[in-house]
Amino acid sequence: MSGGPPVLRMRGVRKEFPGAVALDVGEAEIHALTGENGAGKSTLVKVLSGVHPHGSYTGEVLVDGEPRRFTGTADSERAGIAIIHQELALVPQLTVAENVFLGNERVRGRGPLARVDWGRTTVEARRLLARVGLDADPSAPVSELGVGHRQLVEIAKAVAKPVRVLILDEPTSALNEEESANLLRLLLEFKERGISSILISHRLNEVVRVADRVTVLRDGRSVETLDAARGEVDEERIIRGMVGRDLEHRYPPRTGEVGEIRFEVRDWTVDRPDRRRAVDGASLTVRRGEIVGLAGLMGAGRTEFAMNLFGRCYGRYVRGTLHKDGREVRLRDPGEAVAAGIAYVPEDRKELGLLLDAPIRDNLTLAALDRVGRRGVLDAAREAVAAEELRTRMRVKCRDVAQAVGELSGGNQQKVVLGRWVFARPDLLVLDEPTRGVDVGAKYEIYQAVRELAAEGAGVLLISSELPELLGMCDRIHTMCEGRVTGCLPASRADQESLMRLMTRTAGAPPGTTERRAG
Amino acid sequence: MNAPPMAAALRTALRGNVRRYGMVIALAVIVVLFQILTGGLLLRPLNVTNLLLQNSYVLILAIGMMMVIITGHIDLSVGSVVAFTGALSAIMLAEWGLPLWAVLPLALLLGAAIGAWQGFWVAYMGLPAFIVTLAGMLVFRGLTLLVLGGESVGPLPESARTLATGFLPDVQVGGVHLVPLLLGAVVAAVLVRVQYAARADRIRLGLPAASPAAAWGGYTATAAAVLAFCGALALHRGLPVVGLLLLVLITGYAFVMRSTPAGRRVYATGGNEKAAMLSGVKTRRTAFWVFVNMGALSALAGLVFSARLNLATPGAGTMFELDAIAAAFIGGASASGGTGTVLGAVVGALVMGVMNNGMSIIGLGVDWQQAIKGLVLLAAVAFDILSKRRAPGGGRPAGDRAGRPEKVPAAGAAPGPGG
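Order-wise, the sequence lines are chains A and B. Residue numbering for the first sequence follows the working numbering, beginning at 161 and increasing consecutively. Residue numbering for the second sequence follows the working numbering, beginning at 2 and increasing consecutively.
Only chain A is shown next, with the shape it has when bound in the complex (with noise of 0.2 angstroms):
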């Protein structure tokens, strides 16, 4: 937010979409890069960072106001462009000082006599790590590390070079509130220094917190770009911008009875492979029809608990029963668990929940094979159809169902594991963070699917780290914090003061890290 010229413009950029690009980064400031699944965000960075070399694309991209042709990303980097990745660019074998000067290593000698001089290593990696707020021992393996401090580590590498720009791609979004925080306070530090960030995000009060600007992109076109000094920056403003539309509701109407408890867990604890206690003496019900929130800060055990409930495939079973209709099931496998009606939608789809090569048809009946076959024998042409039925109820965005799911954009994804278990018919379906990464227009209609899955006598336990969306879609909303179910609120009476509360109420600690919305 200077007088200055912009460090970094995009002038008419033009690839893979009709639409054209323009972007205008100031001087020291955050501009926050919003849009749909599709949109044109990951083109552009990589236009940006030369990855898509000059030649590939129409338009121009000028620093400091001259014209400049990369043809990879060294080019960019010695513009001061550096990008921090969606998916971590780390090798986790190798030391958080080895990785902060990767492909930039501190060396004595010079030309092939050159080999790298440890002790600048590790004293320069430790005052870089500093910056950015990290304390970590630079000697660790970055695999000791969580996904929080990998982050750091990414942007202290990225800082290592003379850095002008900084491009951030959904950084926060495997960050919990604590972390994700912090990683924006270090943009407003950045900042002040000078350094300019390019914040490409899909959780838009994140954006409305930091950015100074923000510029919307639909179908590869810049529609707009607000400006926080003139009061154009709310959520509302940004969404309508994404979508084109007002969205007036961002949560689907509930439909439908909540009925009588279909499944009740009760004591349930399970330890982490490494013995430590992960959720502890956890209970809770879930009715006919019922969408039952689970919220709770990242390690609070949700997941684990999720998992582990669904047929123990993680960590270490220690006690616990679940009731189904009032009859005690145990589940050893997840086979067994699917049998007995319960689904289980991870929250890493890529890893955990689709074959990115198979085509989107075999991904959706695979967990209900039986009903597209006779006495052991697939039926092709049924299968089929079930499959464009499936794909026409999830509004799945494809070209034709024999079509590889890896091509698909997140949320389309995340539909086609969401039709997989509305195909199985579940009793119970777990969601495990359902709309993460996704962008707005697709989490309508995840949201959707979910409601008429619960609306046909399905109960559904919704684990999210965004309260808005467990206000939104949930009847109750259990919270969990240190393994520990800490409390259950009906959403009527919840807001997100009260379940931050509960989140937080360890042992002793005072719920003190409580962060309000801005805007």
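Rather than coming from a laboratory, the hints here were simulated on the basis of the structure. These numbers were taken from a predicted model, which means no experiment stands behind them. Where is the CB? At the ideal position from N, CA and C, for every residue including glycine. A few of these clues could be false.
Not everything, but these chain B residues come out facing chain A in the computed CB check (under 10 angstroms) [unchecked claim]:
no.: 1; residue: Gly-207
no.: 2; residue: Gly-264
no.: 3; residue: Met-278
no.: 4; residue: Leu-279
Chain A is already provided as a structure; the job is to place chain B on it using the hints.
For chain B alone, kept in the frame of chain A given last:
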């Protein structure tokens, strides 16, 4: 039919199906090439029959290996298992005097047990298949030497030799055997019927399907290839016993992998083991049974190989694992698992077999044969991977899989569907 529409139809048929038909076309090209180079010797009835007999055990192994590779594993031990089971079968037949009907199930059980041993370590103990089967390669080669005492066992009784080199009883009309012709007609009819039904389904469901001209071209080519092959057999000595065995195996396994939940679970396990597990697939059990199956097929190949040589030798089956692995990869398997078909493995094995045979006929030394086969394997897999990368939709859409520069296709990649 004049040329331009024909060419257009061919292009349509090929578009997007390079991966599916690429290897079939490559096989056709190789056959034509060697037919010319050998001055017409390659496709003489005698040689076609020989091709089938020579490659029978590689074909058997390739089917099992394809399934192992689809599951995301590898089996380096099949050559040694072939030797070991072949040796024990020969001992049972030649020294103990057991009849073939008793030895065959015993050999299969032995192979299955070996597969279960390796499957146990891979599937349930989580050891890399590469290591487990490398160990198996050494163990079973050692055990072969042990049971044979370093010597060969043979000759085998007539009944066993029939399995590998015999022909079905037949009716001849003017020197032409009727059984292969009848069988060829049936197989051709079934294959055309399957293709026809698949296309009809696609049309009924509104999915893109080949144009009528391309479709009929495909049916004709299929029928012609099958009939030509069977015709060649008919002109020589009829249908080999092992040919019937192969037909049953190929049909059976193709059906299982294509059309049963069990087959789908094999693909799912290899495609993404964790996702399959979380969808209720018993992935460990699946991988275990795939290895059991590989063991049983190795034993069958061992028996056929011993019977063909009429002898069990300590060195039998050396490098067979590499032939089978090469066949699977030439036939379209992916090293990361999850893709490949039984028919692909058959085509891959035939590519290797025709090359072996053709190069031998034209008198190329083993030195050159090895080098050329190696290059063909490399070329086939390179072609496969490059065509995958360029295929429409093969480029990942923007916003997805970003941040992995090494996966980003070169400029000019087709845009993904976005959304």
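Going down the list of hints, with the structure as the test:
1. Gly-207: Holds - the Cβ of Gly-207 (chain B) comes within 10 angstroms of chain A, reaching about 8 angstroms at its closest.
2. Gly-264: holds (8 angstroms)
3. Met-278: For Met-278 (chain B), the interface hint holds, since the closest Cβ of chain A sits about 6 angstroms away, which is under 10 angstroms.
4. Leu-279: holds (6 angstroms)
Violated hints are absent here; each numbered hint is respected by the structure.
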